[in-house]
Amino acid sequence: MSRGEERWPGLRRVFRLPLGQRGVARDVDEELRFHLEERIEELLAGGMPRAQAEAEVRHRFGDMGRIGAELASIDRGTERHRARAEWLGDLGRDMRYAVRGMRARPLVATIIIVTLALGIGANTAIFSVVYSVLLRPLPYAHADRLIQLRERNGPKDTQGMVVTAGNLATWEQRARGFAMFGAYTYGGFTLTGVGNAQSVSALRASASYWKTLYIPPVLGRYFNASEDRAGAPHVVVLSHAFWESTFGGDPHVLGRALTLSGTPYTVIGVAPAAYELGLQARDLWVPLALPPSALTNHGDHELTVVGMLREGVSQEQAVADLTRIEMALAARYPHSYFDGHIIATPLRDWVVGSVRPLLLILLGAVGLVLLIACANVTSLLLARAASREKEMAIRRALGAGGGRLVTQMLAESLLLAIVGAVVGLGVAWAGVRFLVMRSPLGGPRLHGAAINGPVLAFTAGLAVLCGIIFGVYPALGAARVALQQTLREGWRESGGVVRVRFRAALVVGEVALALVLLVGAGLLVRSAIRLQHVPPGFDPHNLLVVRTGGMPEVRYPSDASVLDAYRRINTAVAALPGVRSAALVNLIPIGTSGTDCSVRPEGTAPDEGSTVVANYRSATGNYFATMGIPLLAGRTFTDADAADAPGVVVINRDLGHRLFGDANPVGKRVHPCGDTTSAGLEVVGVIGDVRANGLDAPIRDEMYFPNTQLVRRGMTLVVRGDVRAATLTPAIRRIVARADPLLAVSAITMDDIIGRTLAPSRFSSTLLLLLGATGLTLAVVGIYGVIAYLVAQRTREIGIRMALGADSRRVLAMVVREGLVLAALGVAIGLAVAWVATRWLASLLYGVSAHDPLSFAVAGAILLLVALAASWVPARRATQVDPTLALRSE
Amino acid sequence: MRPRDLDLLRGTLDLLILKTLSWGPMHGLAVLRWIEQTTHERLQIEEGALYPALHRLERKGWLGARWGFTENNRKAKYYRLTPAGRKALAAELSKWSRYTEAMQLVISAEVAQ
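Residue numbers (my numbering), protein chains in the order written: chain G, 1 to 890; chain B, 1 to 113.
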């Protein structure tokens with residue numbers, strides 16, 4: 001019929017080639033022009049004059065412009081559809097091809113997938129923790145407007161102090177940048193009437209606390225301003241965990257009466273689990289209910305304050321305004337431990353600040369492991385590409401475009417990465433469980449860690465990124481294959497030299513990255529060991545710490561009755577078989593930090609700058625001997641230091657130095673804690689320094705007052721055992737129960753307390769060591785792979801050398817040298833990188849420099865040794881080459 | 001009767017085009033002429049409607065298109081039925097015959113009265 005028709009059959013592509021937008025318009029024009037011209041010619045053939053014929057045809061056709069535009073619009077849709085269909089078709093074909101490729105070499109595919117699963121899985125696990133702890137917004141309404149506010153003590157103070165009630169009252173009246181302030185402080189009670197007596201930790205919170213940090217309650221309501229007032233009916237809000245553990249999640253708990261340290265309280269609400277109460281309080285909230293006198297107290301710093309910025313006000317503006325107010329207060333109330341500056345921290349930074357460095361370092365470390373894994377996979381794919389060069393050359397010769405081959409190879413690497421990521425999700429799930437259960441980071445934010453949407457998105461992104469990273473070089477290489485040369489060369493490989501050089505570069509990179517990991521792990525391990533061996537200043541072994549709940553005023557109205565009760569308990573415990581000695585202190589070192597107050601030597605005025613802030617505790621005279629804290633000079637407390645006797649104090653060596661220089665402090669007098677008596681207190685003894693606030697914390701200045709002169713209602717028994725300390729617990733419990741069945745008791749050994757404080761450093765060093773070992777293993781596999789490949793390629797050369805009389809030692813040395821050169825190069829680069837990178841570790845290190853030479857040297861040596869071993873194996877094989885076989889192999 | 005008065009439903013036009021192309025690939029004008037000749041000029045297709053119909057059928061995947069040359073060696077866009085188009089034609093045809101049958105029944109009934 002027409003020539004056009006003959007062109008149809010036999011061609012695979014029924015559709016036209018893709019046109020593009022301009023092509024569409026041209027096509028439509030051309031089609032319509034053909035139509036018009038044919039029509040005009042028809043009319044001309046019938047004898048019509050040209051002008052008339054043209055007019056007639058146009059008239060008959062209708063609105064050319066509109067119809068043309070309609071056609072073009074339809075065609076553009078067709079084009080889009082077609083492009084999508086072709087893309088999908090190609091993708092499907094590539095994927096089928098990729099699956100076939102994987103199944104043809106199952107071992108390589110399995111190795112790649114397992115490597116990636118570990119790498120991506122570890123990254124996903126750490127990321128899910130990072131997301132949950134660092135990135136996820138706080139659960140409170142308007143969380144982005146919450147700022148923690150502290151008062152600065154002096155120019156050197158970076159932490160700030162909690163706020164005085166009087167200053168907070170002034171802020172509430174005058175601060176314009178903040179919509180409201182929530183305030184709280186910690187408190188403890190003995191809960192009776194629900195099972196055994198138990199000590200509970202509480203947050204004493206203002207009514208505005210609930211508005212500032214708002215999450216809807218699970219049950220009931222929170223307390224309001226009329227309940228947050230001295231003398232108001234006592235109400236309590238339970239934490240979710242406490243509600244479940246103590247009340248079994250009873251839905252009818254509202255209205256229930258509780259006795260807290262002898263005072264009746266009514267349950268009015270249950271808060272959701274998302275509330276974080278801090279480490280010391282996790283059970284319940286009671287109203288702060290400050291007495292009216294507190295509003296004029298500008299000296300006692302006891303309230304933790306969170307401010308909510310007014311809408312549209314920046315933190316800078318609000319804090320600047322608050323600083324003006326604070327400056328005025330500082331001028332009016334000197335010597336009150338605040339200098340007029342405000343230390344403001346966004347609440348989220350404050351909540352997660354302490355774990356951020358560790359988490360980011362872990363994230364960095366798993367990132368490095370993944371990079372090493374990717375390098376290994378690239379290397380494997382390159383080796384595979386070499387064996388498929390022939391196939392690629394033939395496909396190109398048959399007309400496959402370079403672009404098609406690249407996308408096809410990339411499809412293969414993407415498929416590997418995706419399968420690796422899917423398997424990796426299993427690894428991640430296990431990893432998250434491990435981190436949540438075992439890590440000492442703690443806190444509800446960690447417990448929220450899970451494989452959720454954002455984490456899955458991260459994993460998917462990571463998989464695609466990996467697929468591209470390790471796929472792109474082999475893919476480009478495959479497309480670049482020198483067609484002519486390959487086909488001419490027969491079945492031998494051609495691009496080998498370039499490729500081997502690239503794989504060698506990969507090995508160098510892997511070694512460098514593994515070295516960075518190992519140095520980091522080494523530093524953390526050394527730091528953990530150092531920390532473990534810090535002398536605490538006392539003997540922590542066989543020491544039992546028994547905390548008792550506070551003795552309520554209801555049953556112990558006077559200080560004397562409290563002292564008497566504790567004395568009787570202490571005497572009974574000391575008389576137990578297996579107990580060497582027993583003593584009392586209000587706050588145990590390391591487990592709890594002491595309280596701070598100022599102290600100045602006699603003969604100085606409060607504002608002379610000789611004032612020192614020291615940590616103080618209340619203790620019995622035999623406390624120091626029981627703990628094993630050495631008495632350096634003077635004496636400890638005796639029975640003569642009774643409540644009505646002249647005031648005495650024991651200080652530690654550090655404080656003695658600070659107050660009196662080299663002079664002997666014993667017999668000197670001091671004015672501690674706002675003491676205004678003319679006589680002051682006599683320093684009767686000097687004891688050794690103790691790591692009172694934790695092994696990694698600096699030595700503090702310390703004061704001890706006799707418990708008779710500084711009476712505390714909640715004391716802790718320290719019991720030195722002749723037998724294993726923990727075995728004494730039941731007997732001690734019985735003694736306390738006999739003395740007062742309503743007094744709560746909790747016991748723990750000092751070794752356990754110290755173990756807990758060491759846990760974070762042990763955990764991070766173990767984890768980094770694990771990651772370092774993984775990186776090392778991957779690097780070894782990489783070195784081995786490249787050296788083995790080199791040996792295989794040079795079988796012929798080696799054969800000739802051996803045939804010509806080279807002895808096997810020379811061959812061995814030659815091959816091993818190649819491996820060692822790569823490793824040495826990697827070690828050199830890695831040392832340089834680690835030198836810079838370990839800076840980030842500095843905040844996690846204790847007693848070890850970030851540039852600790854031993855860690856660097858050991859890591860370098862380990863890598864060189866394993867590189868030696870990894871090259872040795874293929875080198876041995878090279879020496880066993882049979883020259884005649886090698887020569888025939890071509 | 002002016003065939004132009006015949007209001008061709010779009011579906012009808014699609015059916016005519018599919019049926020015509022079932023004889024083999026043709027360009028747009030040829031489709032037009034074929035229909036006119038076959039119906040002895042009784043059915044005249046509006047040119048302004050034909051091309052959009054052709055392009056829409058191509059969009060649906062029922063027609064394929066490519067450039068070819070006429071016997072006078074002029075470049076023209078040729079359409080042909082795709083396998084999907086062939087299936088669609090069969091479906092349209094059976095729908096059409098059911099429709100006309102029903103019409104016929106109604107009309108004959110009126111005549112018999």
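These are computed hints drawn from the structure, not numbers from a lab.
Certain hints may be false.
[To be verified] Below 20 Å or equal to it, Euclidean Cα-Cα: the simulated EDC-like pairs (lysine to aspartate or glutamate) are:
1) G:Lys-668 / G:Glu-602
2) B:Lys-75 / G:Glu-682
3) B:Lys-75 / G:Glu-30
4) B:Lys-19 / G:Glu-38
5) B:Lys-75 / G:Glu-602
[Said to hold, decoys possible] Residues of chain B placed beyond 12 Å of chain G at every Cβ, according to the derived structure:
6) Gln-44
7) Ala-53
8) His-55
9) Leu-57
10) Lys-60
11) Thr-70
12) Ala-91
No residue lacks a Cβ here, since even glycine has one placed at the ideal position from N, Cα and C.
Query raised in the report: Against which earlier hints does the structure fall short, listed by number upward?
Result: 2, 4, 5, 6, 7, 8, 9, 10, 11
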